[in-house]
Amino acid sequence: MQIGPVLAALRHHKAGTLLIAAQIALTLAIVCNALFIVQARLARLSQPSGIDEASLLVIGNEWAGKPNADQMASLTAADLDTLRRVPGVANVYATNAYPLGNGGNVMGVGHSPEKLKYVTSAATYYSDENTLSTLGLKLVEGRNFRADEIGLLDGKGYMRPAVIIITRALAMQMFPHESAIGKPVYISASPSMVIGVVDRLRTPWVDNSMAKWADCSTLVPYRQLTPITHYVVRVQPGQLDEVRQHVRAALYAANRMRVISPKDGVRSFAQVREEAYRDDRGMAILMSGISVVLLLVTGAGIVGLSSFWVGQRRKQIGVRRALGATQHDILSYFLTENLLIAVAGVVMGGVLAIGLNLWLMKQFEMDRLGAGYVLAGVAALLLLGQAAVLAPALRASRVSPVEATRSV
Amino acid sequence: MLGYYFDLAIRSLKRSPGLTALMILIVGFGVAASMTSYSVFRAVSGDPIPWKSSRLFVPQIDMWGPKGRLDATNNNDPPDAMDYLDATALMRDHRGKYQSAMYRVSPSIVPPDAHMHPINVGGHAVYSEFFAMLDVPFKYGSAWAADSDAQRAAVVVINAKLNQKLFGGNNSVGKTLDIDGKDYRIVGVLDNWTPKPVYYDVVNTGGFTADQEDVFLPFTRAIDVDMQNDGNTNCSEIPKGSGFVGLQQSSCVWISYMVELDDKAAVSSYKNYLDGYFNDQKASGRFNWPLNNRLRDLPAWLESEHVVPSDTKISLVVALGLLIACLVNTAGLLLAKFLRRSSEIGVRRALGAPRMAIYTQFLVEAGTVGLTGGVLGLLLTWIGIHGISWVLPKEIASLARVDLNLLALTLAVAIIATMLAGLYPTFRASRVQPALQLKTN
Chain U
1 MQIGPVLAAL RHHKAGTLLI AAQIALTLAI VCNALFIVQA RLARLSQPSG
51 IDEASLLVIG NEWAGKPNAD QMASLTAADL DTLRRVPGVA NVYATNAYPL
101 GNGGNVMGVG HSPEKLKYVT SAATYYSDEN TLSTLGLKLV EGRNFRADEI
151 GLLDGKGYMR PAVIIITRAL AMQMFPHESA IGKPVYISAS PSMVIGVVDR
201 LRTPWVDNSM AKWADCSTLV PYRQLTPITH YVVRVQPGQL DEVRQHVRAA
251 LYAANRMRVI SPKDGVRSFA QVREEAYRDD RGMAILMSGI SVVLLLVTGA
301 GIVGLSSFWV GQRRKQIGVR RALGATQHDI LSYFLTENLL IAVAGVVMGG
351 VLAIGLNLWL MKQFEMDRLG AGYVLAGVAA LLLLGQAAVL APALRASRVS
401 PVEATRSV
Chain D
1 MLGYYFDLAI RSLKRSPGLT ALMILIVGFG VAASMTSYSV FRAVSGDPIP
51 WKSSRLFVPQ IDMWGPKGRL DATNNNDPPD AMDYLDATAL MRDHRGKYQS
101 AMYRVSPSIV PPDAHMHPIN VGGHAVYSEF FAMLDVPFKY GSAWAADSDA
151 QRAAVVVINA KLNQKLFGGN NSVGKTLDID GKDYRIVGVL DNWTPKPVYY
201 DVVNTGGFTA DQEDVFLPFT RAIDVDMQND GNTNCSEIPK GSGFVGLQQS
251 SCVWISYMVE LDDKAAVSSY KNYLDGYFND QKASGRFNWP LNNRLRDLPA
301 WLESEHVVPS DTKISLVVAL GLLIACLVNT AGLLLAKFLR RSSEIGVRRA
351 LGAPRMAIYT QFLVEAGTVG LTGGVLGLLL TWIGIHGISW VLPKEIASLA
401 RVDLNLLALT LAVAIIATML AGLYPTFRAS RVQPALQLKT N
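Residue numbers (the UniProt record's numbering), protein chains in the order written: chain U, 1 to 408; chain D, 1 to 441.
These are calculated hints, taken from the structure and not from any lab test.
There may be inaccurate statements among the hints.
Stated by the list, open to error - For lysine-lysine, the following DSS-like pairs were computed, each having C-alpha atoms within a straight-line distance of at most 25 Å:
1. K196(D) / K139(D)
2. K196(D) / K263(U)
3. K313(D) / K212(U)
Hey, can you work out the whole structure from these sequences and the hints?
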């Protein structure tokens, strides 16, 4: 196929050519960035929490009437006892926060008590000897808490844990070249000895701003005596729904001076996960939707304009056919024409896509767009262009040579 | 003449129904996508108290100094909340027209009806001037008097929704309410006041939150009964004392502060006061770093706190990109459509029609496509706004509204945008040489 005649013909349709190229460029720029956002959100969605999420229930409890610390200690102990006696409950512990729960404490963890010289931020989970088995955490080194190590933490009191369990990600940051077991870390004013390292445990937050230390968590041996407590319950396999229906009533029967929200007081971990990632999933759906609409619109636009060109050139096509051009020649003429325009479009679009990404990075702290996305987008748009032009081009190739002799 | 052109436009559009439908669909989708995201953006970026926002100010004091800047991106800004010491000192000095320190609380309430379970509520501990400062509307009763602040009185203002739940919406002023095990006298019921964002305390609420603001009680009282804060607490060092009292004695920041200053003189004198306060503290040895206070008005404050979620902005940018792509597309299709009628234009021009007439005729045609696309866009926008809660956070999506302004804007955007897209094709059409067209035919 000779490119020369195609270019010569395009020179007569500058405006239409430019519009299609611009359309392709814009589409490429937007679709690349939108799909990049989709990918980033989906990547977050699929990050493991590190816990065995099946058969877990989370109960949010708040004591009413402001009991004092001693009362809260015995109330919490009684609740744990009540929960253990609910048929189908395998294990339970009380805590301030849980992974993906979107609430909890952050502490700077470092090698000295000076808070402003911390190595990394880390989530703090108040735990007891049942935490590891309830959450299904994998201990890769060291040991679990013993029951006699669990302290009580009064209200907004400040903890000074003597022993601590940390995640592998945190251990790697604190002690990159050696085992963390037996080493002191500072999460409070006094040192805490690392007694165990768990494989992975996510923080309660999924925000982008906290993504850097998303796997840096600590377990500290405390039961916190604040009005709001969360109970994390492991249920025997297959009994999740049944236990879920009974726990609220069981707790109220034991003591009614409490608040367990009827709406989201008792949640399965599947619900916790779904709610934590709602915004990310929504954004992924929105961006995919816009990309699909945009590709459809661009495809439709190419079909429309190419059809017009074919209609406009019926006579010329007829002449070419009469002079010996085959159907295939005509078909490949239009495909080549589209390819040339599309190549010009994707070149502009590639630049535009990177420009848009740079702007988004500056405005919204997004990551850099990988070259793979632009290349994939280029391939997709070239294919879309060829597919869109195929029908008009086939129609053109079927123009009979006799058209040459007709006027108009 | 316009009516005639409109008639011509309809005929021309009917002649190629496929192309016309395509253009209308494209305009409709482009407009609907951008208007839906715009409506969400408008809802979250609007001024929550437009008649007064320029007179409300948030003071910031640099109580941590340069070593407390944990985040390199915040332009050397001092902490965005206050510690207890400074907040109460500013309240004591009382240099603004109205002012209030405040913190978020989340107490439990034992309903007067013995059959109801206790409930958890949200709210703020504030000073009495909070209500006058923010023009808070009351349905029954009023704010507590200023001396209730000093007396640490057990009084409470409740919101309409809680009043509905506990008292069936009746006037409950004078009744008592058990909050965290203590009795409070209800002095006022708000007239369903739910500002979005919660602009008076974005630090502790994040601005857009699904949490309710059910109760407001005196700051002094809440401190007195040890009602703990339910928001962000940021510390640069671990408090020495324990418990809530330890927090009050620490340099941890957890209190929001707002002050009303009615004119420029008041603003500059308050600024001087704030700087003077810092310098006094510095002289007494508390700080050893240079003055670095801020006094932002409400719009600037909301901007600096990034209250508008970035997802909303990204959606708007991408949707506007979609609209532009749709317009380029429509321009291409209109170009094809108009130039196909070169001979018709040639005849009109040969019969004496000036270029202006051709312009008018084709712009009317473009406008007709725009109008129809706009009507489709309206429908799709309506669907979009109702479906957006499916993809955007509920507390944000629920703020998007269809109103007359949005309807008018949607139609205007569709028509103007399509006519803009039609401008070049029309220009080309008006340049058609009559002689050439007549000859080839």
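Checked hints:
Between K196(D) and K139(D) the alpha-carbon distance is near 19 Å, which keeps this suggested pair within the 25 Å criterion. This hinted pair checks out: K196(D) and K263(U) have alpha carbons roughly 23 Å apart, not beyond 25 Å. Taking the CA atoms of K313(D) and K212(U), the gap is near 23 Å; set against the 25 Å cutoff, the hint holds.
In summary, this structure violates none of the numbered hints.
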